[in-house]
Amino acid sequence: MIVTFLDIVIAGLLLGGLYALIAMGLSLQYGVARVLNISHGEFIMLGALTTWTLFQLHINPLVSIAICGPIIFVLGFLLHRTMFKRLLNTSESADIFVSNSMLASFGLMFIIQNLALMGWGPEIRGYTYLAVPVDLAGAVFSKNRLVTLGFAIAIGLAFYIFLARTRLGKAIRAAAQDPSTAGLMGVNINFMLALCFGFGAAMAAIAGVLISMCYPVHAVMGLEYALIAIIVVVLGGLGSIPGSFIGGFVLGLVGSIVTYFEPGLALAAYYAIFILLMLVRPQGIMGR
Amino acid sequence: MKRTIKMMSLLVFLCFLVSLLVSVQPALAKDKIVVGMSRPLSGPLAVIGDSAFKPVYETWVAEVNAEGGIYVKEYGKKLPIELIIYDDKSDVGTMTRLTEKLIVEDKVDFLWPACGTAFIFAQAPIANKYEYVLVTAEGGATQIKDMLPSLPYIFVTLSFSDWYQLPVFADIMSKAGAKTAYVTYIADLHGIEYSGVAGIEFPKKGIEIVGTKSIPPDMKDWTPIIKDAKASNADIFCCFAYPDQVMPATGTSMGLGYNPKAWIGGPGVNFGFYKAAFGPAVEGILGFTMFSPKQSKAAKELADKLYKGKPIEVQDPWGHPCYWAGLEMWKQAIEKAGTLDQKKIRDILAKNKFKTVMGKTWFENGLLAKESHTGEIGQWQKGVYEVVGPEKDATAKLVYPKPAWPAPKK
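Line by line, the protein sequences give chains A and B. Position one of the first sequence corresponds to residue -3 (the working numbering), numbered consecutively onward. Position one of the second sequence corresponds to residue 627 (the working numbering), numbered consecutively onward.
Bound conformation, chain A alone (with noise of 0.2 Å):
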């Protein structure tokens, strides 16, 4: 019995924490950027076929972290700073660039998936690392998940404490209020949503890193990522960090639990705990 809830609970994290990094990039581009990235699933289809090409060259998955990460950063970068800063400067309000950067993400994912597409082909593209078994108290996992999760939870509380405690991670806080206030204040808010689209960006690189570690990839696996991101950001309050973060966790446990039971009804749950949570709270667990 012990060892079943062990399991449940275990798999739910595991799942999670992959679920969280993935919806923390997305917050961070809403939240801040206010680009609602209907392309975030191509980043991580970015990293993760990145990671299977470094693979075949013999460099570990690990440190594809580092590799990745950067690169996908200075690409989210100067997307924004070309692209969705356009948009930012020609849309007449906020509302309206809201709806026209979410059409020019639409674009932006036919886009990168047709040039992975060409540059990686249809195949399906996997490889074996870490596929050991782990004992957990009775309960057994496989040791590369348990290494995503490490680095899911790593990554986001890293993140989190370099919003909370830097003067850098300050001036996006201020970003995300009231941008027309911390302008003021000398805050240089163009570079800022570049910044936070960037690391938006950044982290689905390392979340499409760890998802190759333990699941096929191909050039068009991002968008069911994609809406699964869509759903935790909701969840966990529209631009909200840590809610992202938990409602990341709170899905992955859902889902963990659902599909013991019934695996076919796991992605109905995900929805059921949306339509709830719309119902009850719609600000999300952490929305203000």
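By construction, these hints were calculated from the structure, which means they are not laboratory data. Check before you lean on any hint, since a few could be wrong.
As the list claims (entries may be wrong) - Label pairs and their computed distance ranges (CB to CB):
id, chain 1, residue 1, chain 2, residue 2, range
1, B, Pro1027, A, Ile(-2), 30 to 38 Å
2, A, Phe158, B, Glu684, 49 to 57 Å
3, A, Pro129, B, Ile826, 32 to 40 Å
What the hints assert, rightly or not - Subject to a maximum C-alpha distance of 20 Å in a straight line, what follows is the list of computed EDC-like cross-link-like pairs (lysine to aspartate or glutamate):
id, chain 1, residue 1, chain 2, residue 2
4, B, Lys856, A, Asp131
5, B, Lys727, B, Glu708
6, B, Lys887, B, Asp797
7, B, Lys856, A, Asp3
8, B, Lys715, A, Glu220
Backbone N, C-alpha and C define an ideal beta-carbon position, used for all residues, glycine too.
Let chain A serve as the given structure and place chain B on it in line with the hints.
Just chain B, lined up with the frame of chain A:
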């Protein structure tokens, strides 16, 4: 006056001659066979379409056209094949519209198949309505078997659950000594059908199904299922799903140290990319198949044409030989008919035996006859995907029980 009459007569004669030439011109001007296809060039099925039928038809058409094309007696010459391919974006509705467009607007000479079982279900009645021969590629199902008597223009090439994979699998497992099985299947037509056929065929051979779990297509975490299977202590673990599920099921089995005596999964295990992903860990894993290059000179030649000098990822020994043989039969039927008349070609396809890469090959009630099959069950052995069942086609002896997962690299 006489001269005028003569001139008029000449003019009438010339007009008659010209009209005669014009009326026979289409027949004389036929210089190619136009084949139309609706394929998933984008969307989720592009992954399957691009690696399954596409490499086959591309290689085959290039080879046939390099020889000048297909000889059609009616035209007294060889006609090269020209392909018109539209993107159905992996959408059935779009595919049906494009299929009708190909037939009605583009007036293609022949139709080649869309990709996937559900797509065959939708495309077959359209092809049949317009009396267009359709030799299918990716996809096949027990249910289509029941529809075929009312679809005389449809010919299904791929093998499937009770045609004749699972009866053979149950047979070789029973002979090896397996007594129990745990079945996981994807909750769609493919999975439900395979699980249903397993429920019929396994008990026939004395194999008891001790656990069954349906899984959704977006299954993320296999841990609870693999743990349940492990607890059941079944001899055989079945994963009747697609690569997107078969691959994480394999990874989770490894990660949890679950090593049943037989592990079968598919479609998925049969693809080269499965081997590329798991390396030496694939040893002993079973899947579905149709041929091995070791079986014959023709099989070796086909493998060379499709795979030589290319990465292992492109290999599919289950589907590729069926699709290639289907195209060969189609070509031979046209040559034998000596015309592009669909009805005559259909009759020849339905009633004749052909020599293809798979040896003597023919259709039986619209399905590739099971006697034509050159394999049903495959197993990875020393890095090679061998045919292990049925015995008449086997290129290697079944390894049972499956060896342990390899120790991780330090």
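Hints and how they fare:
1. B/Pro1027 / A/Ile(-2): 30 to 38 Å: Holds, since B/Pro1027 and A/Ile(-2) (Cβ atoms, about 32 Å apart) stay within the stated range.
2. A/Phe158 / B/Glu684: 49 to 57 Å: 51 Å, holds
3. A/Pro129 / B/Ile826: 32 to 40 Å: Holds, since A/Pro129 and B/Ile826 (Cβ atoms, about 35 Å apart) stay within the stated range.
4. B/Lys856 / A/Asp131: With Cα atoms ~15 Å apart, B/Lys856 and A/Asp131 stay inside 20 Å; holds.
5. B/Lys727 / B/Glu708: This hinted pair holds, its Cα atoms lying about 17 Å apart.
6. B/Lys887 / B/Asp797: Cα-Cα ~15 Å, so holds.
7. B/Lys856 / A/Asp3: 14 Å, holds
8. B/Lys715 / A/Glu220: 17 Å, holds
The structure agrees with every numbered hint stated previously.
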